[in-house]
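S.K.: From first to last, the protein sequence lines are chains V and C.
Under our numbering, read the first sequence as residues 14 to 319, first letter to last.
Under our numbering, read the second sequence as residues 14 to 319, first letter to last.
Derived by calculation from the structure, the hints in this document are not laboratory data.
Hints are not guaranteed to be accurate.
Since the list gives no way to pick one copy over another, a pair counts as held whenever it fits inside one copy or between any two copies.
[Unchecked claim] Below, computed lysine to any residue pairings styled on SDA-like, alpha-carbon distance capped at 25 Å:
1. Lys245 / Ile204
2. Lys225 / Phe128
3. Lys225 / Glu176
4. Lys225 / Pro169
5. Lys142 / Leu206
6. Lys225 / Ser129
7. Lys192 / Pro242
8. Lys192 / Asn304
9. Lys202 / Glu241
10. Lys101 / Ile307
11. Lys225 / Asp168
12. Lys245 / Leu206
13. Lys245 / Gln203
14. Lys142 / Val55
15. Lys202 / Val243
16. Lys142 / Asp208
17. Lys225 / Glu132
18. Lys142 / Ala207
19. Lys192 / Leu206
2 protein chains.
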Amino acid sequence: MDTVRVHAPATVSNVVCGFDCLGFALSEPFDEINVRKIDEPVIRIAHKDDFGLPTEPEQNVAGVALRAMLDAMQADFGFEVEITKNIKPGSGIGSSSASSCGAVVAANHLLGGRFSDLELAEFAMEGEKLASGSRHADNVAPCIFGGFTIVRSADPLDIVSIEFPHLFATVIHPQIEIKTADARAILPKQIPLADAVRQWSNLASLVASLYKGDLDLLARSMDDFIVEPVRKSLIPKFDEVKEASLASGAIGGGISGSGPSMFMLSGSLATANSVAESIRSVYTQTDIDFNIYISPIGRSGVAIAS
Amino acid sequence: MDTVRVHAPATVSNVVCGFDCLGFALSEPFDEINVRKIDEPVIRIAHKDDFGLPTEPEQNVAGVALRAMLDAMQADFGFEVEITKNIKPGSGIGSSSASSCGAVVAANHLLGGRFSDLELAEFAMEGEKLASGSRHADNVAPCIFGGFTIVRSADPLDIVSIEFPHLFATVIHPQIEIKTADARAILPKQIPLADAVRQWSNLASLVASLYKGDLDLLARSMDDFIVEPVRKSLIPKFDEVKEASLASGAIGGGISGSGPSMFMLSGSLATANSVAESIRSVYTQTDIDFNIYISPIGRSGVAIAS
Numbered sequence: 014m015d016t017v018r019v020h021a022p023a024t025v026s027n028v029v030c031g032f033d034c035l036g037f038a039l040s041e042p043f044d045e046i047n048v049r050k051i052d053e054p055v056i057r058i059a060h061k062d063d064f065g066l067p068t069e070p071e072q073n074v075a076g077v078a079l080r081a082m083l084d085a086m087q088a089d090f091g092f093e094v095e096i097t098k099n100i101k102p103g104s105g106i107g108s109s110s111a112s113s114c115g116a117v118v119a120a121n122h123l124l125g126g127r128f129s130d131l132e133l134a135e136f137a138m139e140g141e142k143l144a145s146g147s148r149h150a151d152n153v154a155p156c157i158f159g160g161f162t163i164v165r166s167a168d169p170l171d172i173v174s175i176e177f178p179h180l181f182a183t184v185i186h187p188q189i190e191i192k193t194a195d196a197r198a199i200l201p202k203q204i205p206l207a208d209a210v211r212q213w214s215n216l217a218s219l220v221a222s223l224y225k226g227d228l229d230l231l232a233r234s235m236d237d238f239i240v241e242p243v244r245k246s247l248i249p250k251f252d253e254v255k256e257a258s259l260a261s262g263a264i265g266g267g268i269s270g271s272g273p274s275m276f277m278l279s280g281s282l283a284t285a286n287s288v289a290e291s292i293r294s295v296y297t298q299t300d301i302d303f304n305i306y307i308s309p310i311g312r313s314g315v316a317i318a319s
Numbered sequence: 014m015d016t017v018r019v020h021a022p023a024t025v026s027n028v029v030c031g032f033d034c035l036g037f038a039l040s041e042p043f044d045e046i047n048v049r050k051i052d053e054p055v056i057r058i059a060h061k062d063d064f065g066l067p068t069e070p071e072q073n074v075a076g077v078a079l080r081a082m083l084d085a086m087q088a089d090f091g092f093e094v095e096i097t098k099n100i101k102p103g104s105g106i107g108s109s110s111a112s113s114c115g116a117v118v119a120a121n122h123l124l125g126g127r128f129s130d131l132e133l134a135e136f137a138m139e140g141e142k143l144a145s146g147s148r149h150a151d152n153v154a155p156c157i158f159g160g161f162t163i164v165r166s167a168d169p170l171d172i173v174s175i176e177f178p179h180l181f182a183t184v185i186h187p188q189i190e191i192k193t194a195d196a197r198a199i200l201p202k203q204i205p206l207a208d209a210v211r212q213w214s215n216l217a218s219l220v221a222s223l224y225k226g227d228l229d230l231l232a233r234s235m236d237d238f239i240v241e242p243v244r245k246s247l248i249p250k251f252d253e254v255k256e257a258s259l260a261s262g263a264i265g266g267g268i269s270g271s272g273p274s275m276f277m278l279s280g281s282l283a284t285a286n287s288v289a290e291s292i293r294s295v296y297t298q299t300d301i302d303f304n305i306y307i308s309p310i311g312r313s314g315v316a317i318a319s
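Looking at chain V on its own, in the form it has when it is part of the complex (with noise of 0.2 Å):
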């Protein structure tokens, strides 16, 4: 075997009071992704989509990933891969991610599983760091590891799987453009003591509320008062549709990433598609282009497709 096809899918960060912490994956949107191995000591890089984006590959995510990957091993061959993006760049739901981690995963199916989970992600942040010029893990480790993740520490990189109940994400992904450096700029730098206590009581009841599929718990704990108040401001109607959703029984929710999308926590699939047609009703009010997605937590994160 000598090409495999995977889904890369969607993921969530900054998970309301886990801000540069906690993230999820979805199952859908996902990215596909082609990776065959070859023998020429390259990396070839191919689009089936048209965003535009670069295809040279040391100026695009998957392919300094995948040179990390290849450095790592010293390596005398290559890969060739064709990336049909689902997940549009920029909508703050791990776009750059899907396309590092879903190749590294691919290449590593290819090469019998050399490499760790831990190990991928670390090549995938090579590409988090060309897109956004920080080394993170906040999409890269649920889309590796799939279901519910705690970055612990991204140096030395330390990734927590926890356990979590069937749940089901409603995002909105409205089209505007937020820098991500615009996103961090309008950050407090300091941040008072008593704020920082009430953010992480809620972080570690909402950590225990998955493990104990306490949804009313996590409701409770789901509140961040840091950063959600100051980057709130970069996305139209945010405080409608988080109360929108909530009226239509949404667990909780708040910006994913840093923006522009917004994602809201349900504990059916049946809520989770009344709250979208909350949110489609705030949102026709606008006229901002926009896509809703519906999908449960995803357990697997990338996962082979044939």
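Starting from the known structure of chain V, arrange chain C on it as the hints suggest.
M.R.: Showing chain C alone in chain V's frame:
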């Protein structure tokens, strides 16, 4: 039945990265508390120890906790309480909390379990307010619920019990005085967001490690970037105690409450004993009197003894 005797255990709050949030109960030391229901609508407190604690009910932490309980039910009866304290006041292992929690749990037993654990915690918090000036639940929560607890919020009170593996604590109480006010005054009012993120990433991982029973992850997560670095200056030989404990196999540890006690966790009683010996060798080099306690994490909190 009009009399009951309970054991009210010592508790550790501010568990490393879980400042103002995470606590656990010990099995020992514990206070012994007898409560008798009487027809007169009064509270009488007697102490069978020589700590010189006030016995006027409105000046005694058990007295004010019972008063809150009696007021909540507009009772026309009262209680007589006899307390034998084994937990030294001011030790930083929840001495006041043991008195107030023990009293209300015992009284509730005599009333046929009329109040929920959460209501009992609310009553006991009146004792904490008398003792420290702030209505906190950091020690009350583990003292009543047992095991490891998260105080998600003190107002409204929200306490989360979390699962945990077999663990043993070694506690040293150096007999010096640290005023809670001083321990609070030394804390920064503002902290860098980046430090807060590291702290809550560790706390989230710590909670997950307890559910997983992953002692390596627990060890990596037991790191406090915010409180310990400033408060440890109040505790002689803090760094030496910690280093010696880790060298003897402790998983990790830190300051108990606002000190002066320190605690270390171990995965077995044998290791907890070795840790105790290491700590003893550090502290015998000082001229400070000290007590060392070795105890499993207490699963039950306040327990009916007869």
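S.K.: Now tell me, hint by hint, if it's right for this structure.
M.R.: Verification of the supplied hints:
no. : hint            : in the structure
1   : Lys245 / Ile204 : both (17 Å within a copy, 22 Å between copies)
2   : Lys225 / Phe128 : between (32 Å within a copy, 24 Å between copies)
3   : Lys225 / Glu176 : both (9 Å within a copy, 9 Å between copies)
4   : Lys225 / Pro169 : between (29 Å within a copy, 21 Å between copies)
5   : Lys142 / Leu206 : between (30 Å within a copy, 21 Å between copies)
6   : Lys225 / Ser129 : between (29 Å within a copy, 20 Å between copies)
7   : Lys192 / Pro242 : within (18 Å within a copy, 36 Å between copies)
8   : Lys192 / Asn304 : within (19 Å within a copy, 57 Å between copies)
9   : Lys202 / Glu241 : both (15 Å within a copy, 21 Å between copies)
10  : Lys101 / Ile307 : within (16 Å within a copy, 57 Å between copies)
11  : Lys225 / Asp168 : between (30 Å within a copy, 23 Å between copies)
12  : Lys245 / Leu206 : both (22 Å within a copy, 18 Å between copies)
13  : Lys245 / Gln203 : both (19 Å within a copy, 23 Å between copies)
14  : Lys142 / Val55  : within (21 Å within a copy, 69 Å between copies)
15  : Lys202 / Val243 : both (12 Å within a copy, 20 Å between copies)
16  : Lys142 / Asp208 : between (30 Å within a copy, 21 Å between copies)
17  : Lys225 / Glu132 : between (30 Å within a copy, 22 Å between copies)
18  : Lys142 / Ala207 : between (33 Å within a copy, 18 Å between copies)
19  : Lys192 / Leu206 : between (28 Å within a copy, 20 Å between copies)
Hint check: no violations occur; every hint is consistent with the structure.
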